[in-house]
Amino acid sequence: MFQQALALTTRDVALARRQGGGLGAAFGFILSVMVLIPLAIGPDQILLSKLAPGLMWLALLLSVLLTADRMFQQDFEDGSLDVMAMAKLPLEIVTLAKVLAHWFTVSLPLAIITPPLGLLMSIDVGQLPILLVSMVIGSLALSLLAAVGGAVTAGLRRGGLLVSLLVLPLYIPVLIFGVAASSANLSPSSSTPALTVLCAITLMSLVISPWACAAALKAYLR
Amino acid sequence: MQQFANPARFLKIANVTLPYIWAITAILFAIGLYGALVITPPDYQQGETVRIMYVHVPAAWLGLFVYCLMGFFSAVAFVYRHPLADAAAKTAAPLGAVFCFLALVTGSFWGKPMWGTWWAWGDARLTSMFILLLFYLGYMAVWSSIDEPTRAAAIARIVALVGVLNVFVVKFSVNWWNSLHQGPSVIKMGGPAIDKSMLWALLTMAVAYTMLFLALHLVSMRSEIAARKLRQARLVEIGNR
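Residue numbers (my numbering), protein chains in the order written: chain A, 786 to 1007; chain Y, 17 to 257.
Okay, chain A solo, but in the shape it has when bound:
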C-alpha cells in the first residue's frame, strides 16, 4: 500500500515538474504582491517591517489558494481519478498521496522562498528563521485545506471563486497562529506556544482533509 501511494506521489511530482506553470506562476504571484504592497501603503520602512510577517503570510496563503482548484480537476477530467478510485488503495490514501505531491511541488518551495523576500520589506534578519519554520509547518496545512476546496469543486467548470470562498475561512486559524509565531518578539521561546498550536492545526488537517476529499471525490465519481 505504501509503495502504491509512493508511486502516486512520484507520478504527481513528475507531472508537476514537467508541466510547469504551477510553482513558477505562484512564485511570480508572490513577487508581484511584494511589489504591490509597498506601492499600496507607502515606502515607510518602520510601518513595512511591522506589517511584513502578516502580509507575507497572506501572500503565501493566497498563492497556495490559486493552485487549489487544479489539484484534482485534471485527473478528474482525463479519467485517471476513476482508475485510482477503482484500485485497491483507499481513496483517502490516494488523496493524501496527491496532497503530499502538491506540498512538495508548490507549498513547500513557496514556504522556503517567501521568508527571504521579507528583506524587501525591511524585516529583521533575526526574524527570518522562525518565519521559515512556521511557514514550512503551516504550508502542509495550507496544502491539506486547499485539497478540500479542490476536491469539492473537482467536477465544476468554474470552481475558482467557490474554492476561495470555501477555503479562505478554513485558512484563518493557520494565518492567526502562523503570524503569531513569526512575529513573536525575536526570542525563540516566545513563539513556542503559537508554533505548537500551528503544529496541532496541521495535524488536525492531516486527519480531516483526506477523509473530506475522498468523500467529495466519491460524490463526483459516482
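To be clear, the hints were calculated from the coordinates, so they are not data collected in a lab.
Please note that the accuracy of each hint is not assured.
Claimed, not checked - Within a straight-line C-alpha distance of at most 27 Å, the following computed DSSO-like cross-link-like pairs (lysine-lysine) qualify: (1) Y:Lys245 <-> Y:Lys187; (2) Y:Lys28 <-> Y:Lys245; (3) A:Lys835 <-> Y:Lys187; (4) A:Lys1003 <-> Y:Lys245; (5) A:Lys1003 <-> A:Lys873.
Unchecked claim - Covered stretches of chain Y, as calculated for chain A (at least 3 residues, CB under 8 Å): (6) 153-165; (7) 182-195.
Ideal Cβ placement from N, Cα and C applies to all residues, glycine included.
Assemble the complex: chain A is given as a structure, and chain Y must be docked to it using the hints.
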C-alpha cells in the same frame, strides 16, 4: 427521527402544526417586544441603547444554533442518506445566515454609541460571527453552483461537516488572537450579571426568535419538497415526450 423522515408524513405534520407555530411566534414577539421596548428599565450605564440587546443577542444565538443544527442534519444525511435531512440542512442555511447578518448589523448599531465605532475588530465575538457568516455563504454557494441535486447534496454535506469541525477551531483562534490584540477602546458588555428585570424579556425574545426560525424553516422545507416534486414531474414529462 425516522418516522418524520417520510416526506408525505412530514408535510402532513408541518401543515397541521404551522398555524399554531405562527400564532405562538406572533404572541411571543408581541410580549417580548413590548417587554423589551416599554416595560424593562433602561440600563444605568448604557441607557436606552441597551434595548438593542433584545434583538441582537437572540439573533446571535440563533446564528450559532442554526449552524449547529445544519451540521446535525448534514451528519444525519451523511449516515442515513436521507434526502429530507439534506433539504433540512439546505433550507436552514439561508435562515441562519440572515440571523447572523442581523446580529452583525444590530451589533454594529450598538457599537456606534457604546464603542464610538461601527466595527471593532477587538471584539472576538463580532469577528467570529463575521467568519460564521462566511461559512454560511460558502455552504450556500455549494448548493447554488452544483446543478444536479443529489451530487450537490453529497458535496454540501461534506462542506457542512468540515465547516462545523472548523468553526470551533476558528472560534478558539479568534479568541486567542483577540487576547493578543485587545484594543483599549473596547468596553466589555455588561457581563453575565444581567438583572432579572431584563432577563425575562431577553429569554422571551430568544424563544420568539426560535419559534420564528421553526416556522420559516418548515415553510421553506415545504417549498423545497414541492420544488423537488416539480423537478421530478418535469423530468418525467420530458422522458415521456
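> Which earlier hints can't be squared with this structure?
Replying inline: 1
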